[in-house]
Amino acid sequence: EPEVTQTPSHQVTQMGQEVILRCVPISNHLYFYWYRQILGQKVEFLVSFYNNEISEKSEIFDDQFSVERPDGSNFTLKIRSTKLEDSAMYFCASSSAATRTGELFFGEGSRLTVL
Amino acid sequence: AQKITQTQPGMFVQEKEAVTLDCTYDTSDQSYGLFWYKQPSSGEMIFLIYQGSYDEQNATEGRYSLNFQKARKSANLVISASQLGDSAMYFCAMREGVNGDSSYKLIFGSGTRLLVRP
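Quick note, the sequences are listed as chains R and S, same order.
For the first sequence, position 42 matches number 43 in this note's numbering, and the numbering has no gaps at all.
For the second sequence, position 93 matches number 89 in this note's numbering, and the numbering has no gaps at all.
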């Protein structure tokens, strides 16, 4: 069964460092997303991406964040200068508009720890 | 205002019994979708069930059913015959503006942690 894959599964970084989280969405999906979940809390929307551009972003997704689809398969989230409060689980998701439900398929997440 | 409200931070259920997890939502859209996801302790998000706002019948998927009460804006998840493996966090989510939208994002509630007792 096709799945969304994310790397790394866990990254530890120093405050102020740049971090890139990588995702390979399901191959025939057209919509891509990043979500964040601070430990034990709700899953928060960061950004959605369609047709090679950001279609929507939340207030969390400030200038420190960027997304890119550098080739036909990868979808990356970059945090330019990490802060302590960026420590969270980051989920990549993809969806297809072709299905009736259009549910999001999530990766297993990348846990980011900022020290 | 919260778009999705889950008022039960934690729930217990005895194995083999049924349990209802509450979810209310707030939207002015006529067309929207409601979802439930399961998050076990391993962390992944697993899609369980979907209800469209125009669906006349309540959605069912195996032991999962969705009690959709549109006038009350509630979309409660019912798990029948609970199993130990059902112990997990459960999130209700909504997608607004389904038609012609270039972002099919979901907005999640705060979740309910379900513990199934043997």
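Hints listed in this document are in silico derivations from the structure and should not be mistaken for laboratory results.
Accuracy of the hints is not assured; some may be wrong.
As a list, the in silico DSSO-like pairs of lysine-lysine whose alpha-carbon atoms are at most 27 Å apart [to be verified]:
| id | chain 1 | residue 1 | chain 2 | residue 2 |
| --- | --- | --- | --- | --- |
| 1 | R | LYS43 | R | LYS58 |
| 2 | S | LYS(-1) | S | LYS69 |
| 3 | S | LYS12 | R | LYS58 |
| 4 | S | LYS69 | R | LYS79 |
| 5 | R | LYS79 | R | LYS43 |
| 6 | R | LYS58 | R | LYS84 |
| 7 | R | LYS84 | R | LYS43 |
| 8 | R | LYS79 | S | LYS66 |
| 9 | R | LYS79 | R | LYS58 |
| 10 | R | LYS43 | S | LYS69 |
| 11 | R | LYS84 | S | LYS69 |
| 12 | S | LYS(-1) | S | LYS66 |
Results of checking the hints against the structure:
{"no.": "1", "hint": "R/LYS43 x R/LYS58", "in the structure": "17 Å, holds"}
{"no.": "2", "hint": "S/LYS(-1) x S/LYS69", "in the structure": "11 Å, holds"}
{"no.": "3", "hint": "S/LYS12 x R/LYS58", "in the structure": "42 Å, violated"}
{"no.": "4", "hint": "S/LYS69 x R/LYS79", "in the structure": "37 Å, violated"}
{"no.": "5", "hint": "R/LYS79 x R/LYS43", "in the structure": "21 Å, holds"}
{"no.": "6", "hint": "R/LYS58 x R/LYS84", "in the structure": "19 Å, holds"}
{"no.": "7", "hint": "R/LYS84 x R/LYS43", "in the structure": "19 Å, holds"}
{"no.": "8", "hint": "R/LYS79 x S/LYS66", "in the structure": "40 Å, violated"}
{"no.": "9", "hint": "R/LYS79 x R/LYS58", "in the structure": "14 Å, holds"}
{"no.": "10", "hint": "R/LYS43 x S/LYS69", "in the structure": "20 Å, holds"}
{"no.": "11", "hint": "R/LYS84 x S/LYS69", "in the structure": "38 Å, violated"}
{"no.": "12", "hint": "S/LYS(-1) x S/LYS66", "in the structure": "15 Å, holds"}
Hint check: violations occur at hints 3, 4, 8 and 11; the rest are consistent with the structure.
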